Amino acid sequence: METIKEIQTEIIEEFEMFDDWMQKYEYLIDLGKELAPIEEQYKTEDNLIKGCQSRVWLHAQQQDGKINYTADSDAIMTKGIIAILIRVLSGQKAEEIVSADLSFIDTIGLKEQLSASRANGLVSMIKKIKLYALALENRC
Amino acid sequence: MSAFENLLSENTKLVAVSHVSNALGTINPIEEITQKAHAVGAKILIDGAQAASHITLDMQKLNADFYCFSAHKMFGPTGVGVLYGKEEMLNELPPYQGGGEMIKEVSFKGTTYAELPHKFEAGTPNIAGVIAFKAAIDFINDLEIDQIAKYEEELLQYATTEILKIEGVKIYGTAKHKSGIISFNINSLHPYDIGMIVDKMGVAIRTGHHCTQPIMKRFNIPGTARISIAVYNTKAEIDTCINAIKKAKQMLS
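Protein chains in written order, with my numbering: chain A, 6 to 145; chain B, 365 to 617.
Calculated from the structure, these hints are not laboratory results. Careful, some of the hints might be misleading.
Said to hold, decoys possible - Quick list of simulated restraints, FRET-style, between CB atoms:
hint: 1; chain 1: A; residue 1: Val128; chain 2: B; residue 2: Pro459; range: 37 to 45 Å
hint: 2; chain 1: B; residue 1: Tyr460; chain 2: A; residue 2: Ile131; range: 37 to 45 Å
hint: 3; chain 1: A; residue 1: Leu139; chain 2: B; residue 2: Asn551; range: 35 to 43 Å
hint: 4; chain 1: A; residue 1: Asp111; chain 2: B; residue 2: Ile509; range: 41 to 49 Å
hint: 5; chain 1: B; residue 1: Tyr596; chain 2: A; residue 2: Glu50; range: 40 to 48 Å
hint: 6; chain 1: A; residue 1: Val128; chain 2: B; residue 2: Ile501; range: 32 to 40 Å
hint: 7; chain 1: B; residue 1: Met365; chain 2: A; residue 2: Gln46; range: 41 to 49 Å
Said to hold, decoys possible - Pairs of lysine to any residue residues, derived as SDA-like cross-links and limited to a Cα-Cα distance of at most 20 Å, are as follows:
hint: 8; chain 1: B; residue 1: Lys611; chain 2: A; residue 2: Thr112
hint: 9; chain 1: B; residue 1: Lys400; chain 2: B; residue 2: Glu369
hint: 10; chain 1: B; residue 1: Lys529; chain 2: B; residue 2: Val567
hint: 11; chain 1: B; residue 1: Lys540; chain 2: B; residue 2: Ser366
hint: 12; chain 1: B; residue 1: Lys611; chain 2: A; residue 2: Leu53
hint: 13; chain 1: B; residue 1: Lys564; chain 2: A; residue 2: Thr112
hint: 14; chain 1: B; residue 1: Lys610; chain 2: A; residue 2: Met27
hint: 15; chain 1: B; residue 1: Lys581; chain 2: A; residue 2: Leu53
hint: 16; chain 1: B; residue 1: Lys564; chain 2: A; residue 2: Leu115
What the hints assert, rightly or not - What the simulated footprint calls covered on chain A by chain B, stretch by stretch (three residues with Cβ under 8 Å from a Cβ of chain B suffice, anywhere in the stretch; the number is not a length):
hint: 17; region: 28-39
hint: 18; region: 81-90
The structure presented is a predicted model; accordingly, all values stated were derived computationally and were not measured. Note that the Cβ used here is the ideal one computed from N, Cα and C, for glycine as well.
Put together the whole structure using the sequences plus the hints.
Here it is as structure tokens:
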């Protein structure tokens, strides 16, 4: 299993291949389309991320000391964004998720490319991912 | 109108209604609504935020008790607006806030308030905002609101014709009397996705439920993408906008 840092480096390299933001957006759309589906039973009100303008569901499950995330959104670009976060953080140990420094977001320029309210949505996604990790870590 | 009439009765104290819908662009028949409200003895407050910089307003003809609008929707600064009220109504209304400049006389026996409009302008007002607001109103008056309305109507017609050429576009709000906006969706694409992509192409549209969730629920949609037209826009900009929407559709489909 690659570390959070290694995956971030990979993503940075992938985004460096694109010349402009339209191509990066197309890549985000592709990532959104490829995101493994969430089980319908987890698309609940509780799993909705507050602060996102489109609906985003996030589910977390602990297995062998690692936390696995699945997610979905009704907007495809949003789905692409959560797909990237899941790629970095899913399957990692709770303590690593909680303390993860997600500097790749600034490096690839994702946040600056979003409008203020959408950037807030991104912050909410990260917060919810970390909160799930924290909750599951403390449960055992 | 019949839904409104069903709600209206002798018990109605106040009718509050938008002049122009921010979600659909519909110009509501406010003269008729005002007459009907007055007929049962109700007062009427009209929210003209989406109307004031787009269509002609005639307070005498309209005969509304209250009419309000915001500076920031008329090319002015944020945080300042106008509440117009008939003099006798405003005299009847108690102050909603206390502070400097709104008092006539204070004693232990009682307090009397200053004349209109000072009674409602407690404390240090937003002086800079109001001065800037006047400049915005002068700008509109110099262009003449009738001319603005005529020009924007032309742009709206043009944009409507052009956007309907895109397959799968559905416009929400197709009233005969409309102003300023085209609210739309394309097939089942999410309005946010459309908004994000056209934004990248330099086109600013609004996306979301426009704070009008009940009407979104009625149409069973999460929201719409909305083109807003103002007097400073041009036909060439409409073309740029339509092309950006076409590109977004292509990328998302």
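Cross-check of the supplied hints:
1. Val128/A / Pro459/B: 37 to 45 Å: 41 Å, holds
2. Tyr460/B / Ile131/A: 37 to 45 Å: 42 Å, holds
3. Leu139/A / Asn551/B: 35 to 43 Å: 40 Å, holds
4. Asp111/A / Ile509/B: 41 to 49 Å: Given about 47 Å between the Cβ atoms, the range holds.
5. Tyr596/B / Glu50/A: 40 to 48 Å: 43 Å, holds
6. Val128/A / Ile501/B: 32 to 40 Å: 39 Å Cβ-Cβ, so the 32 to 40 Å window holds.
7. Met365/B / Gln46/A: 41 to 49 Å: Check passed, 45 Å falls within 41 to 49 Å.
8. Lys611/B / Thr112/A: 27 Å, violated
9. Lys400/B / Glu369/B: Holds: Lys400/B and Glu369/B sit about 8 Å apart, inside 20 Å.
10. Lys529/B / Val567/B: 19 Å, holds
11. Lys540/B / Ser366/B: Satisfied, since the Cα-Cα distance of roughly 18 Å is no more than 20 Å.
12. Lys611/B / Leu53/A: 30 Å, violated
13. Lys564/B / Thr112/A: Roughly 19 Å between the alpha carbons, so the hint for Lys564/B and Thr112/A holds.
14. Lys610/B / Met27/A: Roughly 14 Å separates the two Cα atoms, so the pair holds.
15. Lys581/B / Leu53/A: Status holds; Cα separation ~19 Å.
16. Lys564/B / Leu115/A: 12 Å, holds
17. 28-39: Since 3 is at least three, the answer is holds.
18. 81-90: Our answer is that it holds, as 3 residues pass the Cβ test (under 8 Å) against chain B, meeting three.
In summary, the numbered hints that this structure violates are 8 and 12.
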